[in-house]
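2 protein chains.
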Amino acid sequence: LLILALDPPTGVDAFSWSMRIAEEVGDLVHGVKIGLPLVLDIGLQRVGDLLSVFKGIKIADLKLADIGDVMCLTLERLASIGIDAVIAHAFVGFRGAIDKLSSRCRELGVKLILVVSMSHPGSSEIMDEVIDKLVDVARRACAWGVVAPATRLDVVRYVRSQLPEAKILCPGVGVQGASPGDALCAGADYEIVGRLITRSDSPRRSALEVLEMQRKKLAICRR
Amino acid sequence: LLILALDPPTGVDAFSWSMRIAEEVGDLVHGVKIGLPLVLDIGLQRVGDLLSVFKGIKIADLKLADIGDVMCLTLERLASIGIDAVIAHAFVGFRGAIDKLSSRCRELGVKLILVVSMSHPGSSEIMDEVIDKLVDVARRACAWGVVAPATRLDVVRYVRSQLPEAKILCPGVGVQGASPGDALCAGADYEIVGRLITRSDSPRRSALEVLEMQRKKLAICRR
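Top to bottom, those sequences are chains A and B.
Numbering-wise (our numbering), the first sequence opens with residue 1 and increments by one.
Numbering-wise (our numbering), the second sequence opens with residue 1 and increments by one.
There's no promise every hint is true.
[What the hints assert, rightly or not] Output of the computed footprint for chain A on chain B, the stretches with three or more beta carbons under 8 Å from beta carbons of chain A:
| hint | region |
| --- | --- |
| 1 | 119-126 |
| 2 | 133-144 |
[To be verified] Listed next, the stretches of chain B that the computed footprint assigns to chain A, with coverage defined by at least 3 CB atoms under 8 Å from CB atoms of chain A:
| hint | region |
| --- | --- |
| 3 | 26-39 |
| 4 | 55-69 |
| 5 | 73-86 |
| 6 | 96-102 |
It should be emphasised that the hints constitute simulated quantities derived from the structure, not laboratory data.
The beta carbon of each residue, even a glycine, is placed where N, CA and C say it ideally should be.
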């Protein structure tokens, strides 16, 4: 229920920094999520080496938001290094975009995760106003999962009500403000935690603490 | 008025393929646009080497669509290899997203280009319905430019009427269906051409032909 967001700070050797974290918590977390800055820093092949240390689901969070053909080209490259799931934006729409990406994901055995809401204030300016359409793209694509912010539990609950089958992944836990376990109680399947673990003196101890907090919260809310 | 979209086909050596095209047309085109698949293929440093062959504006079209802090991390890496302009999605909204990216762009001397409409059919499902809000994000960010599809000239005209000062860059010319010069006549500043040039037997001759077609169309429509 815990996915690690592996985002190195600026100014460190991104590969050794990431590898150290990976070796500390790779067996504990249920998945790992890497972003574009890390890919630019260390290149695709070394991202593959890094991800092989993790046991769980390996997610490329490049927030794909292009026409279908271009997203498929990116997907093929990600699949070649062992990525299990890719994150794309539902707002590019279905036809000629998510439809193509979704088909190619199925062919390659890669899970598709679509962003339907984000954690920053600007998400309410445009995306939140069309959330039903974003959710509908996820429904039409039979997306394996969707992203919704742990910082806004009402959004998580709404998405859960609209998409009973999809996995919900929630960033925003820890430094961004949400407490471990709260999004799970609101209907999420995974919480994504970055700095709370990666910037800790002991990433392993912090990951264990997050898992324990999740367990305690769930024991109460599912009682 | 011509920007080259440098997107290598699958299965070629992306670096030598791109370098050959660059050397043929690097002095002719007014800019070059590279995308995520190429960056994944050859890595950031070699993208920098490649771009140095071009005289005009160097645009990174990674369609950034994340929270502001993450987009800024990507921007810093792109600026370090000599990118002049980055393309991001207006869809993520202003606060905590485009506001931060826009400020950091100004600090680094990188031009900001925002997508307000796209060329695929799915663009009409969600983005076109909120185009005024997307245009408003571009206005608030004082974006240097915006992207609108050459395949839909009514959209180009509308964006021009709403954003008199912004540069309008139009993909979709050539293989995707639009003729060189038509978007310019509709108010665009640059047309983005890919395969019509890159897949030609003689990229240089094809680029010269596109420039000539643009000149002829403009001579008529601006008469």
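Cross-check of the supplied hints:
Counting residues of the region 119-126 of chain B whose CB lies closer than 8 Å to any CB of chain A gives 8, so the stated coverage by that chain holds, three being the minimum. Judged by the Cβ-Cβ criterion of 8 Å, the region 133-144 of chain B is covered by chain A as claimed, because 3 of its residues qualify and three suffice. Counting residues of the region 26-39 of chain B whose CB lies closer than 8 Å to any CB of chain A gives 4, so the stated coverage by that chain holds, three being the minimum. With 7 residues having a Cβ less than 8 Å from any Cβ of chain A, the region 55-69 of chain B passes the three-residue criterion, so the hint holds.
Taking a C-beta to C-beta cut-off of 8 Å, the region 73-86 of chain B contributes 5 residues in contact with chain A, enough for the three needed, and the coverage statement holds. Given as covered by chain A, the region 96-102 of chain B passes the check, having 4 residues with a CB less than 8 Å from a CB of that chain where 3 are the minimum.
Violated hints are absent here; each numbered hint is respected by the structure.
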